[in-house]
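A.B. asks: Just so you know, the sequences run in chain order X, P and W.
Numbering-wise, our numbering puts 87 at position 87 of the first sequence, and it's gapless, one number per residue.
Numbering-wise, our numbering puts 1165 at position 165 of the second sequence, and it's gapless, one number per residue.
Numbering-wise, our numbering puts 2187 at position 187 of the third sequence, and it's gapless, one number per residue.
Treat the hints as calculated values from the structure; they're not laboratory data.
Where hints are given, some of them may not hold.
With a cut-off of at most 20 Å between alpha-carbon atoms, the simulated EDC-like pairs for lysine to aspartate or glutamate come out as follows [unchecked claim]:
hint, chain 1, residue 1, chain 2, residue 2
1, W, Lys-2049, X, Asp-67
2, W, Lys-2048, X, Asp-114
3, W, Lys-2048, X, Asp-67
4, W, Lys-2048, X, Glu-59
5, W, Lys-2049, X, Asp-68
Okay, here's what each chain looks like letter by letter:
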Amino acid sequence: MTLDARQIDSLLDDMTDRLRELLTSTGKTDPLIIGIHTGGYWIAKKIQQRLGLSVLLGELNIAFYRDDFSRIGMHPHVAPSQLPFNVEDRHIILVDDVLHSGRTIRAAMNEIFDFGRPASITLVVLIERTGHELPIKADIVGKSLGLKSDEHAKLLGPEPLALEIKKAE
Amino acid sequence: MKIQITNGRIIDPANGLDLIGSVYIEDGVILSVGKAVAGFKPQHLIDATDQWVCPGLIDLSARFGDHAQQGLASIASESIAAASAGVTTVCCPPDTSPVIDTPAVVELINQRAARSGKTRIFTIGALTHGLAGDRLAEMYSLQQAGCVAVSNANRPVASNEILRRAFEYAASTNLTVFIQAEDHTLRNQGVINEGAFSTRLGLPPIPETAETVAVSTALLLAEQTGVRAHFCRLSTARAVNMIARAKQSGLPVTADVDICHLYLTEQDVDGYNVNCHLSPPLRRLEDQQALIQGLIDGTIDAVVSDHYPLSEDAKVAPFNLTRPGASTIEMLLPLMLDMVTRKQLSTLQALEKVTSNPARILDQNLGSLGVGCLADLIVIDPNQSWTVNRQNLRSAGKNTPFDGWELMGKITHTLLKGQTVYPALE
Amino acid sequence: MTGNNHIQLDSNGRLKHFLTTEGLSRQLLVEILDNAESFAGVAHRAVKKVPLLRGKTIVNLFFEPSTRTSTTFDLAANRLSADVVNVNLATSSTSKGESLLDTLHTLEAMHTDMFVVRHSSSGAAHFIAGHVAPHVSVINAGDGQHAHPTQAMLDMFTIRRHKRSFETLTVAIVGDIMHSRVARSDIHALKTLGVNDVRVVGPKTLMPADIESLGVRVFDNLDNALQQVDVIIMLRLQKERMLSASIPSESEYFRRYGLTQTRLRLAKPDAIVMHPGPINRGIEIESSVADSNQSVILQQVSHGIAIRMAVMAMTLGSLSGSLAKNDENPDN
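This is chain X alone, in the form it adopts within the complex (with noise of 0.2 Å):
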């Protein structure tokens, strides 16, 4: 199964919707929006557009903040993070393409706080998967997927953003 450049079109403008009355509902005003590096800051780029452009956006890689160094090393070539706002005592909307396990969202939210305090983060997902190994959710999920263990969902993009399931080899 897959989900194409429209269907995913339609979820943004959903959780986008849903996102803007969370904020209001509990009062975030003013807040910043940060992708995780490649598909996180796709979706992120998307739903800053409709937020409007005053949202200012910012990309986080957590290579050095993986808790899985000791298993496979260095990636090659990291990008550095690029947030180019302060962070202290702000509302962060945090977005990722997709929360599987958690541990990306960990190592996301230990390097946020490296950069200073935020007042609050908000967890926006594409997709929300089965699988996860720490108590993390989001607060606003495009899509929740039943998927096995051996499958493995993954964002194409940046244009036109596809997802698609693939077994893993």
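Based on the hints, put chains P and W in the right spot on chain X.
C.D. replies: Showing chains P and W alone in chain X's frame:
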């Protein structure tokens, strides 16, 4: 004791012999070569079919460990290695501990050699007291005690004035001076040949002139004093050239080269190979070629092992902190035979460099299968190949640069004065 | 030509030890520079630290005194969240081979993951890399007159930040080439990165034999050597050279090889001036040049931390089980 070695290829450079036949030995002396002796009833018969029968090797430089300490290598351990390698006579340089500068030290070494009985050890006495280079050693007394030559080994002599006097005194005592030509100021702290390799590896370099300046000085002083000079372990093409010219002009000089310099160059030091840390250092390819050419044309008279067994500790360190030297005595003969295989030398030529020529330099009636000569001889299987494995060396020194080399030629018998010293069980 | 790679690289071609810049591929050198670029950003955060090497133990094993180099290695390891132990053996007498190995094994028994080694003997880092346990990495922080690869890479990093491409550059390395491990490592790195015209400048007494074999041009006249140069790397002159017969006096050295404003004008107008430090003002370099806007000497120091972070992360990363996948987020 009567011994007959039958049906071997008898190769004797001293007498220009190369024939198939028997060697007859009685009471440690050669009775006949090739010609049958009427009524000879051998108590011991050695069948040398398809093997070579040659004089035992004479190695002008091999160190058998420090005599003062119970170190790793000893006369006992290294004599066994020498006998297994077909070396029946070795010369021990004076820079051992203690330095060979008194008759008592000569006596000590002679006693230990006699106890071992596996190989003949000649001592080379010190040229200056304690090899310190500032006053003459008691050369006459050393000669009386049995030293066959004098040398200052690789230690500096304080001045050319002292070197001149030492040469004069040695000449008047009829002692040959063994010269390890090295200018210590030019050597400085150097550990490898100066050139692209020393530059890349960042190791302190030894220039060619460290050797040539010293050879030049020694040649001029030898000429002036009339001493018999033997140049040890030449390493550079230029030095070979200088010796060739000196010989042409009629000076009584001789020279040797060590087996490592015939097979290795500075390139082998790459990767900080401590087993190629030698003194003099391994030089350029051109130098190696010139040394081989010097052997071919006779400029270089002899090949030595320059055997120097060292403990692991002496070699387990960054390159410049290791001690120079290599364990080589067991590779000497196979590598000489390899030069024959490569058609660099004839069989007679290769063998004379390690038998009759060193005997002539030492002025000893050895290294020959002539009738009446001492029966120091070896039987070689020239077709037996073996692979050098440092752990299996008989020498206590495992510091060989030839580990893993495949060599041809194995000793099957070594006789010293008619006594079988290898193999050990008879 | 070189036997370096079989000891520096693991079976996957990744950097296991960093001993010399010689023989490494251009791709690998660029990878070090790219990774350093990522790590350089860490210094600008509220918390100047990433958790990459948390739980790893790094021993700075210095047999030769050097505040500057050991400090930047220390800082680099700290910014990667590793635990660092500084062992300074410069003053003790344990520089002999046997005890060097004993020292090493003692420290290794304390579950060390990496040794950063500085030693006065060329080849010391190779020696140590050849004797450590398989899970331990070694970084050469300077061995005798042989190599100082992290200094060379921070020099390359500094050059890349200021110049567009390596291929078109002309680089002059000035001073005591003979005794300089920095010069050797710089030359190998520059040549591998594609610099065609590398010039070495100094008196014959400070020029090692056959240096041309490394692909450089030799000059004994600084004025000639500076013509059209993009990068000038000045080397430190050790005081002991005066005591040997290498140079007559400091003032004569400065007159002949000192970098002055006047001389700097011979180079390209946008030429940068580098120095591994610490500088001897008035001997190698005029104060006004060292402090000019063409001088990038202080930038070199801060780049040193990023380079050392990159090399530490790469070598310790190489020791992990499987090959790093190119996949960006294999585990969401």
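A.B. asks: Now, for every hint given, state plainly whether the structure supports it.
C.D. replies: Tested hints:
Between the alpha carbons of Lys-2049 of chain W and Asp-67 of chain X the distance comes to roughly 15 Å, so the proposed pair stays at or under 20 Å and holds. Restraint check: the Cα-Cα separation between Lys-2048 of chain W and Asp-114 of chain X comes to about 8 Å, which is no more than 20 Å; the hinted pair holds. Between Lys-2048 of chain W and Asp-67 of chain X the alpha-carbon distance is near 19 Å, which keeps this suggested pair within the 20 Å criterion. This hinted pair checks out: Lys-2048 of chain W and Glu-59 of chain X have alpha carbons roughly 18 Å apart, not beyond 20 Å.
For the suggested pair Lys-2049 of chain W and Asp-68 of chain X, the alpha carbons sit about 18 Å apart, so the restraint of at most 20 Å is met.
Hint compliance for this structure: no hint is broken.
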